[in-house]
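K.L.:
Next come the chains, spelled out residue by residue.
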Amino acid sequence: MSSELHQPLVRAQGITKKFGGFIALHQVDLDIAPGERVGLIGPNGSGKSTLVNCISGMLKIDEGNIFLTGNNITSLAPHARVHAGIARSFQIPRPFKSMTVLENIRVILNFSGEQRREASDKKSNEDKAIEILSGVGLLQKKDSLSGSLTQVEMRKLELARAMSANPRLLIADEALAGLSGTEVDEVLQLIMGMKAQGVSVLMIEHIMSAVMKFSERLVVLVAGNKIADGNPQEVISNPEVVKAYLGE
Amino acid sequence: MDISFDLLINALVSGLLLGGFYAALSLGVSISFGMLDIVNIAHPTVVILGAYFAWWLNENYGLDPMVAGIVMSPLFFLMGILIYRIYYDRFEKEGGDSLRGLAFFFGILFIIEMILILLFGVDYRNVNVSYTDATIKFGLLNVPYRLLIPFVFSVSLLLIIRWAFKKTYFGRAVSAVAQDPLALQLMGVNHIKVKGYAFGLSLVTAGIGGALLIIIQSVQPAAGREYIGLVFAICVLGGMGNLMGTLFGAMILGVAESFTATFAGPSWSPAVSFGLLLLTLAFRPQGIFGK
Amino acid sequence: MTHNNRNFYFSFIVALGFLFSLPFWVDSEYFFFAAFSVLQFVILSSAWNILGGFAGYVNFGSAAFFAIGSYAAIAGYKLGFPQGICILMGVAAAGIIGFAMGYLTLRLKGVFFSVATLAMSVVLFTIVTNTPFLGGARGIYVIVPRESPIGVGQYVHWLYFLMVGMAAIAIVISRAIQYSWLGEGLKAIRDDELAAEGLGVPTLKLKLIATTISGALMGLAGTTFPYLITYIEPTAAFNLSFAVNSIAMPIIGGIGSWLGPLIGAVILSSIQQIASVNLSSSFNLLITGGVLVLFVTLAPNGIIGFFKKRDGK
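Residue numbers (the working numbering), protein chains in the order written: chain D, 1 to 248; chain Z, 249 to 539; chain B, 540 to 852.
What the hints contain is simulated information worked out from the structure, not anything from laboratory work. Small disclaimer: the values here were computed from a predicted structure and weren't measured. Glycine residues also receive a C-beta, built at the ideal position from the N, C-alpha and C atoms. Just so you know, not all the hints are guaranteed correct.
[Stated by the list, open to error] Derived EDC-like pairs (lysine to aspartate or glutamate); straight-line CA-CA distance at most 20 Å:
no., chain 1, residue 1, chain 2, residue 2
1, B, Lys847, D, Glu174
2, D, Lys18, D, Asp29
3, D, Lys123, D, Glu103
4, D, Lys195, D, Glu174
5, D, Lys141, D, Glu186
6, D, Lys97, D, Glu126
7, D, Lys141, D, Glu153
8, D, Lys18, D, Glu36
9, Z, Lys414, Z, Asp428
10, D, Lys97, Z, Asp428
11, B, Lys744, B, Glu732
12, D, Lys213, D, Asp185
13, D, Lys60, B, Glu732
14, D, Lys97, B, Glu732
15, D, Lys213, D, Glu183
16, B, Lys648, Z, Glu340
17, D, Lys18, D, Asp62
18, B, Lys847, D, Asp143
19, B, Lys617, B, Asp731
20, B, Lys648, B, Asp731
21, Z, Lys441, Z, Asp285
22, B, Lys744, D, Glu114
23, D, Lys213, D, Asp229
24, B, Lys648, Z, Asp285
25, D, Lys195, D, Asp31
26, D, Lys97, B, Asp731
27, D, Lys213, D, Glu174
28, D, Lys128, D, Glu114
29, D, Lys142, D, Glu126
30, D, Lys18, Z, Asp428
[As the list claims (entries may be wrong)] Over 10 Å on every C-beta distance to chain Z, these chain B residues come out as not near it, computed from the model:
no., residue
31, Arg545
32, Phe570
33, His696
34, Tyr770
35, Ala814
36, Ser815
Can you build the whole structure from these sequences, using the hints too?
P.N.:
Written out as structure tokens, the structure reads:
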């Protein structure tokens with residue numbers, strides 16, 4: 001039996017990132033298995049977004065390596081990592097404002113949607129875009145300018161764009177921030193549904209109820225260090241984690 | 249080639265002196281571009297505007313250019329605040345479309361240039377002061393006063409402003425707004441006002457630079473364009489907003505230009521600053537002194 | 540936004556037919572000199588817009604690419620090559636320099652690219668001024684026949700035909716890019732380059748393609764210039780009006796589309812032709828600068844944007 005069955009989809013190993021003298025991340029290890037739902041939490045400034053930027057390639061790491069299905073992608077440019085299979089949504093939505101909702105999806109499909117598409121799937125990019133928009137409930141807004149959407153619609157568009165790249169790992173960076181009760185459930189449903197499509201999800205979030213519902217595994221970052229990684233119920237009962245959130 | 253030591257040392261010294269002066273020209277760009285991220289490519293044209301002001305004040309009131317430079321400062325300060333208000337309102341507020349901001353200043357460059365042409369014509373103007381042709385001798389060195397005095401003035405100006413950025417409330421506010429505008433807002437400081445004042449200051453230095461320029465050489469309305477590469481090269485070389493870096497970068501450039509003019513011929517000089525800029529951008533974009 | 544290829548090509552062919560017919564019934568030779576200038580700016584503006592309008596990277600060195608086209612053509616002329624080869628040399632040289640410059644500077648923020656283009660313009664100017672083979676500061680004279688090589692009309696009419704053809708090429712290429720994956724990718728870069736890169740758009744590659752094509756087309760605009768004015772010298776070839784106009788015309792016409800530079804070039808260039816006959820040429824640039832600032836502050840989407848708003852789109 002091949003050991004690849006137990007190989008993680010993504011392995012971040014010993015990630016260290018410094019900004020001048022400030023150590024944002026220190027020797028952080030993170031494995032993500034295929035189809036796994038991993039939650040990432042931590043106080044503000046603990047390095048969560050920095051880690052996301054390192055994995056997606058927007059920041060160069062000072063030490064460590066990142067592997068995707070065993071291949072070292074540490075030196076790949078961000079767009080190349082997307083082609084390889086890692087996509088992300090942005091904490092504050094960044095739609096292409098001069099384009100319509102449909103065009104926002106289509107441009108991603110033009111460049112990264114072809115990867116890993118099944119041979120039987122012969123739809124045009126235009127049709128694929130419509131399919132994706134239907135899936136997130138934005139079809140009726142397809143010809144609206146992306147800058148004119150409501151908060152929750154923008155967050156759905158962010159996720160839809162990331163999904164357009166046909167990723168193996170989707171990183172959802174605070175995709176629920178600023179949303180109200182039902183909106184949170186709506187978007188959370190979308191994120192949780194990705195497992196069924198075989199996509200792993202790394203979710204960075206502050207809304208604990210959503211995190212607990214979502215996570216199969218929970219990772220905690222504090223001041224650039226990983227202090228917990230495992231079963232969500234066990235992790236949140238961990239005294240160190242409790243101290244990081246409540247004590248000072 | 250037989251390089252006489254005499255020639256070499258004079259080229260070196262005039263390069264250093266010129267470099268010190270270049271620092272005064274670039275000081276404003278270090279502030280507006282290095283600290284505030286405003287690409288005012290019309291800055292050198294404002295320098296020329298200052299030079300013409302100084303000339304006019306000299307012609308009509310007999311003012312020494314350095315005095316003229318100080319006299320016109322309030323006007324340039326107000327001009328800076330006004331221009332920044334427009335710039336902020338139309339370009340920065342929405343979230344920088346740098347294309348339009350650049351085009352805006354490009355247009356301003358031409359408007360100023362053409363106004364100068366209409367008012368003063370295309371001929372060269374210069375100012376003769378008591379020390380224009382005098383030189384001072386230090387052994388082998390033959391140092392012209394018209395290089396030495398602007399040098400002293402320029403370096404003093406730079407050091408004073410550097411001190412102000414570190415020690416005065418206003419100066420620290422500007423440094424802060426350069427690094428973290430959001431934090432400043434949260435502390436209740438009106439960052440728009442601060443940036444406006446800083447931009448006004450950058451134009452004041454441009455005006456003073458122009459007044460010094462006309463002591464060194466004559467000017468014509470389109471002369472500003474030759475200095476665009478120079479001031480941005482120095483700003484980048486010096487590490488974007490690092491004032492001491494600006495001074496040293498300017499001196500390096502001054503010496504490079506001086507040597508080129510002496511040994512390869514003055515027709516190659518314009519290429520030096522721009523060439524240095526291209527090399528820096530290609531190989532060390534954070535500048536010699538940047539992080 | 541759908542675009543209709545059939546409508547475009549129909550109008551395009553009709554317009555071309557009309558333009559090509561002009562030498563047969565318009566008597567004034569001056570008209571064709573003026574038309575040459577207008578067409579020149581149509582090419583320059585369309586070329587500039589590919590990088591500046593679509594991708595948002597402002598090139599201040601249009602004059603340099605234009606001049607490269609002129610000087611490479613002149614080099615070919617001096618070496619005895621036929622005009623067609625000279626033109627190709629101009630396009631190739633400008634395209635290669637565009638690629639090289641892009642490679643060196645496109646990895647930096649857009650602003651540094653713009654300053655670098657200005658730097659390149661001055662460096663090239665200095666090099667040309669100091670190179671005897673290219674005529675140095677004094678320039679080179681070009682000998683052109685009086686008659687047109689195709690047997691009908693004067694030589695200026697022949698140049699006019701060439702320019703109409705080149706303008707047609709520039710517009711077709713510009714439009715093709717706009718509606719292609721390249722154009723959409725460039726728009727994404729313009730809207731939010733970081734997001735585009737983070738979502739899989741190969742930003743550096745696309746920018747390099749745009750810079751190369753843009754540079755090559757600007758060089759194309761320059762290749763016939765020496766033949767028109769029968770000489771070439773640095774201040775004429777590197778004239779700042781090329782740089783200003785290639786930025787002003789697309790902005791005034793509207794940068795998001797291939798049509799904007801065309802409109803801006805025709806309108807502004809015609810105004811400049813009229814103004815330079817009646818006023819001085821310095822006044823010309825003042826007007827251009829003033830109009831540029833006005834449009835940039837008040838009507839950022841140009842003339843096209845103004846009409847779009849009225850349609851309520």
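K.L.:
Now, for every hint given, state plainly whether the structure supports it.
P.N.:
The hints, checked one at a time:
Between lysine 847 of chain B and glutamate 174 of chain D the alpha-carbon distance is near 37 Å, which puts this suggested pair outside the 20 Å criterion. Restraint check: the Cα-Cα separation between lysine 18 of chain D and aspartate 29 of chain D comes to about 16 Å, which is no more than 20 Å; the hinted pair holds. Taking the CA atoms of lysine 123 of chain D and glutamate 103 of chain D, the gap is near 16 Å; set against the 20 Å cutoff, the hint holds. Restraint check for lysine 195 of chain D and glutamate 174 of chain D: satisfied, since their Cα atoms lie roughly 18 Å apart, inside the 20 Å limit.
At most 20 Å may separate the alpha-carbon atoms for a hinted pair to count; lysine 141 of chain D and glutamate 186 of chain D meet this at roughly 17 Å. Among the hinted pairs, lysine 97 of chain D with glutamate 126 of chain D is consistent with the structure: their alpha-carbon atoms are about 19 Å apart, no more than 20 Å. Restraint check for lysine 141 of chain D and glutamate 153 of chain D: the C-alpha separation of about 9 Å stays at or below 20 Å, so the hint holds. Our distance criterion of 20 Å between C-alpha atoms is broken by lysine 18 of chain D and glutamate 36 of chain D, whose separation comes to about 29 Å.
For the hint linking lysine 414 of chain Z to aspartate 428 of chain Z, the alpha-carbon distance of about 16 Å falls within 20 Å, and the restraint holds. At most 20 Å may separate the alpha-carbon atoms for a hinted pair to count; lysine 97 of chain D and aspartate 428 of chain Z exceed this at roughly 26 Å. Among the hinted pairs, lysine 744 of chain B with glutamate 732 of chain B is consistent with the structure: their alpha-carbon atoms are about 13 Å apart, no more than 20 Å. The straight-line distance between the Cα atoms of lysine 213 of chain D and aspartate 185 of chain D is roughly 10 Å, inside the 20 Å bound, and the hint therefore holds.
For the suggested pair lysine 60 of chain D and glutamate 732 of chain B, the alpha carbons sit about 17 Å apart, so the restraint of at most 20 Å is met. Restraint check for lysine 97 of chain D and glutamate 732 of chain B: satisfied, since their Cα atoms lie roughly 12 Å apart, inside the 20 Å limit. Taken as a hint, the lysine 213 of chain D and glutamate 183 of chain D pair is honoured in the structure, with Cα atoms around 15 Å apart against an allowance of 20 Å. With a CA separation close to 17 Å, the supplied pair lysine 648 of chain B and glutamate 340 of chain Z stays within the 20 Å bound.
A threshold of 20 Å between alpha carbons decides the hint, and for lysine 18 of chain D with aspartate 62 of chain D the separation of about 7 Å falls inside it, so the pair holds. The suggested pairing of lysine 847 of chain B with aspartate 143 of chain D holds, with an alpha-carbon distance near 16 Å, which does not exceed 20 Å. With a CA separation close to 46 Å, the supplied pair lysine 617 of chain B and aspartate 731 of chain B exceeds the 20 Å bound. A distance of roughly 12 Å separates the Cα atoms of lysine 648 of chain B and aspartate 731 of chain B; the hinted pair therefore holds under the 20 Å criterion.
Only pairs whose Cα atoms come within 20 Å are accepted, and lysine 441 of chain Z paired with aspartate 285 of chain Z is accepted, the gap being roughly 16 Å. A threshold of 20 Å between alpha carbons decides the hint, and for lysine 744 of chain B with glutamate 114 of chain D the separation of about 18 Å falls inside it, so the pair holds. Of the supplied pair hints, the one linking lysine 213 of chain D and aspartate 229 of chain D holds, its CA atoms being roughly 17 Å apart against a limit of 20 Å. The suggested pairing of lysine 648 of chain B with aspartate 285 of chain Z holds, with an alpha-carbon distance near 11 Å, which does not exceed 20 Å.
The suggested pairing of lysine 195 of chain D with aspartate 31 of chain D holds, with an alpha-carbon distance near 17 Å, which does not exceed 20 Å. Restraint check for lysine 97 of chain D and aspartate 731 of chain B: satisfied, since their Cα atoms lie roughly 8 Å apart, inside the 20 Å limit. For the proposed pair lysine 213 of chain D and glutamate 174 of chain D, the alpha carbon gap of about 15 Å is at most 20 Å, so the pair holds. Among the hinted pairs, lysine 128 of chain D with glutamate 114 of chain D is consistent with the structure: their alpha-carbon atoms are about 11 Å apart, no more than 20 Å.
The hinted pair formed by lysine 142 of chain D and glutamate 126 of chain D meets the criterion: a straight-line CA distance of about 11 Å does not exceed 20 Å. In summary, the hint linking lysine 18 of chain D to aspartate 428 of chain Z is supported, as the alpha carbons are separated by about 19 Å, within the 20 Å threshold. For arginine 545 of chain B, the non-interface assignment is confirmed: its Cβ lies about 33 Å from the closest Cβ of chain Z, beyond the 10 Å cut-off. Non-interface status of phenylalanine 570 of chain B relative to chain Z is upheld: no Cβ of that chain comes within 10 Å, the nearest being about 28 Å off.
With a least beta-carbon separation of about 34 Å from chain Z, histidine 696 of chain B lies farther than 10 Å from that chain, consistent with its non-interface assignment. Against chain Z, the non-interface label of tyrosine 770 of chain B holds: every CB pair exceeds 10 Å, the least being about 20 Å. Look at alanine 814 of chain B: its CB is around 13 Å from the nearest CB on chain Z, clear of 10 Å, so calling it non-interface holds up. Consistency note on serine 815 of chain B: stated as away from chain Z, and its beta-carbon is indeed over 10 Å from all of that chain's, at 14 Å minimum.
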